[in-house]
Structure formats: structure tokens, C-alpha cells
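Enquirer: Sequence:
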Amino acid sequence: MCGRFTLTAPVAALETLFEAEAGDVTDMPRHNICPTQDIAVVVAHAGARHIVPMRWGFIPRWYKTPSDGPLLINARSETIAGKPAFRDACRTRRCLIPASGFYEWTATAGKGKEPWYIHPAAPDDGVIAFAGVWQSWTAPEGKRLVTAAIVTTAANESLAPVHHRMPVIVAPEDWALWLGEAGKGAATLMRPAPEDLLTRHRVSTRVNGMKAEDPELIAPLPATA
DNA sequence: CCAGACGTTGTT
DNA sequence: GTCTGG
DNA sequence: CCAGACGTTGTT
DNA sequence: GTCTGG
0 MCGRFTLTAP VAALETLFEA EAGDVTDMPR HNICPTQDIA VVVAHAGARH IVPMRWGFIP
60 RWYKTPSDGP LLINARSETI AGKPAFRDAC RTRRCLIPAS GFYEWTATAG KGKEPWYIHP
120 AAPDDGVIAF AGVWQSWTAP EGKRLVTAAI VTTAANESLA PVHHRMPVIV APEDWALWLG
180 EAGKGAATLM RPAPEDLLTR HRVSTRVNGM KAEDPELIAP LPATA
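For what it's worth, numbering that gives the first Met the number 0 labels the leading residue of the first sequence as 0, then goes sequentially.
Errors might be hidden in some of the hints.
In the SDA-like style, the derived pairs of lysine to any residue whose C-alpha atoms are separated by at most 20 Å in a straight line are [stated by the list, open to error]:
| no. | residue 1 | residue 2 |
| --- | --- | --- |
| 1 | K110 | T204 |
| 2 | K142 | L70 |
| 3 | K183 | P171 |
Pair by pair, the computed Cβ-Cβ distance ranges are [what the hints assert, rightly or not]:
| no. | residue 1 | residue 2 | range |
| --- | --- | --- | --- |
| 4 | T187 | S66 | 33 to 39 Å |
| 5 | G141 | T198 | 45 to 51 Å |
| 6 | E172 | T91 | 18 to 24 Å |
| 7 | R60 | A186 | 20 to 26 Å |
| 8 | A186 | T15 | 25 to 31 Å |
| 9 | E18 | G81 | 17 to 23 Å |
| 10 | D23 | G182 | 29 to 35 Å |
| 11 | G184 | G208 | 40 to 46 Å |
Calculated from the structure, these hints are not laboratory results. All figures in this text were calculated on a predicted structure; none of them were measured in a lab. Where a beta carbon is used, it is the ideal one built from N, C-alpha and C, also for glycine.
Construct the entire structure; sequences and hints are all you get.
Expert: Next comes the structure, spelled out in C-alpha cells:
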């Protein structure tokens with residue numbers, strides 16, 4: 000699953016990578032992105048790609064308030080096409096959510112929950128793209144909120160020791176298909192990532208706190224005796 | 001027909 | 001809003 | 001995802 | 001314990 004992630008690339012780099020024009024997206028490294036916060040999202044609209052801010056936590060159209068139901072930070076790929084909450088979004092409002100990596104927690108008896116940082120194994124600062132769906136929600140008073148959820152799938156073999164779910168990661172050659180720019184077949188992209196794409200290491204439990212934000216959050220834990 | 005759900009995660 | 005259950 | 005709240009009364 | 005908020 001994916002309940003916390005990072006994005007440390009500058010907006011200008013995202014514009015180049017995704018061939019998209021950035022809107023009102025805050026340009027700052029983020030090492031601890033939490034649900035309900037604004038995230039950068041890539042959408043295709045009128046023949047061009049745009050990077051826009053959205054609230055992380057999908058609000059179905061029928062909610063009377065943003066908390067009229069559970070916080071939908073994820074959408075299961077196995078059922079997304081049929082669920083009333085996500086069906087329309089799955090068909091017509093897919094998006095990509097750029098990330099540098101994400102966190103998972105393991106619960107080991109006697110050790111409490113231990114956070115891991117999971118990121119591309121390639122030695123550069125590779126940005127990955129989560130599959131997402133988005134929804135514009137209008138409050139009764141007329142206020143508009145644009146929201147998004149990250150699509151999840153079964154964990155691949157290499158991630159399974161840490162968690163049994165993982166975000167769907169869309170390879171660059173498939174971005175156009177997921178964004179709806181290249182015909183049908185987006186559903187086939189909702190599968191676990193290749194086994195060699197990601198690597199991981201333990202990080203400090205400081206990341207548990209939502210207010211923590213600094214580069215040391217993703218630093219490997221010092222070796223312990 | 002109307003009333004009520006509509007969702008994810010993990011854990012038991 | 002749409003779908004399911006009674 | 002984790003952290004933090006979770007409640008009432010009256011008085012200021 | 002469960003629910004809400006970030």
C-alpha cells in the first residue's frame with residue numbers, strides 16, 4: 000500500500016521528464032508527503048500535459064463533506080473499474096503522481112513498527128510515476144476541491160517481505176497510455192512493478208511524525224551492533 | 001418501491 | 001450520483 | 001500511513 | 001479500543 004511518499008525533484012525537472020507544463024505547484028523537496036496534503040499530479044488535457052496540485056484523498060462525488068466517509072488515499076486496481084466511487088475516474092480521469100520513493104512500515108513482534116524507505120534501485124535520482132485517479136468535488140457551498148488516490152496492486156516478490164500491497168508504478172513508455180493519450184489498454188498497466196525496479200532500507204521512526212520534513216528522513220539507519 | 005451503502009488498510 | 005438489499 | 005483525540009459542566 | 005485529521 001502506499002500511505003506516505005516523497006518527491007524531491009524540482010518542478011522544472013518534472014516538466015522536462017513528463018513533457019508537461021507546471022501550474023500552481025509548490026517547488027520544494029518533500030520527504031514526508033502525508034494524506035490530505037497537496038501533491039503534484041500529471042494530467043492530460045486538450046492535447047497537453049499539466050502538472051497541477053491536488054489533495055491526496057479522493058472524495059467521491061456524493062460526499063456531503065470531505066469526511067463523509069473514509070479517507071480514500073488508495074484505490075484497489077482489482078476492483079477500481081467496478082466501484083461506484085472510482086468507476087468514472089478510472090475510465091476518464093486517470094493521472095500520474097510523480098514520486099521519488101515511498102515508505103512502508105513492518106510490524107515485528109517486540110520491535111514495534113519499523114519504517115522502510117523504498118525507491119528506485121538505479122543509482123540516480125530517478126522519479127517514478129504512481130498510477131492515480133482524480134475527482135473534482137464541489138461542496139454544497141460551492142467550494143471546489145480536486146482530489147486524487149493512488150492505485151494499488153499486489154506487492155511483487157521483492158517487496159513482499161515488507162508489505163503485501165504496493166502502488167502501481169507506470170513505466171515512462173506507458174505514461175501516454177495511462178493518461179489516455181494513446182488509445183485503450185490502460186487496465187493492463189495495473190500490475191506489480193518489475194522485481195528489479197526498487198530497493199529499500201530502514202529509516203528512522205522520525206518519519207512517523209507528520210511534521211518531520213528533512214533529507215535525513217530517507218537516510219539509511221546507521222548499522223547497529 | 002425506498003433505504004442505505006458507496007472505501008482502503010490491516011488485523012483478528 | 002448509482003447500485004444493492006429488503 | 002501514523003498521531004492524537006476521545007467529554008461535560010460552568011465560568012471567563 | 002476506534003475515529004478523525006494531517
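Enquirer: Could you run down the list of hints and mark each one as holding or not?
Expert: Against the structure, the hints:
With a CA separation close to 12 Å, the supplied pair K110 and T204 stays within the 20 Å bound. For the hint pairing K142 with L70, the CA-to-CA distance comes to about 19 Å; that is within 20 Å, so the pair holds. At most 20 Å may separate the alpha-carbon atoms for a hinted pair to count; K183 and P171 meet this at roughly 17 Å. For the pair T187 and S66, the beta carbons lie near 35 Å from each other, so the given range of 33 to 39 Å is met.
Distance hint for G141 and T198: a CB-CB separation of about 47 Å, consistent with the stated range 45 to 51 Å. The beta-carbon spacing between E172 and T91, approximately 22 Å, falls within the hinted interval of 18 to 24 Å. A hinted range of 20 to 26 Å holds for the C-beta pair R60 and A186, which are about 22 Å apart. For A186 paired with T15, a C-beta distance near 29 Å keeps the hint of 25 to 31 Å intact.
Taking the beta carbon of each, E18 and G81 are about 32 Å apart, not inside 17 to 23 Å as hinted. For D23 and G182, the hinted distance range of 29 to 35 Å is satisfied, since their beta carbons lie about 31 Å from each other. Taking 40 to 46 Å as the suggested C-beta distance range, the pair G184 and G208 conforms, at roughly 41 Å.
Of the numbered hints listed earlier, the single one contradicted by the structure is hint 9.
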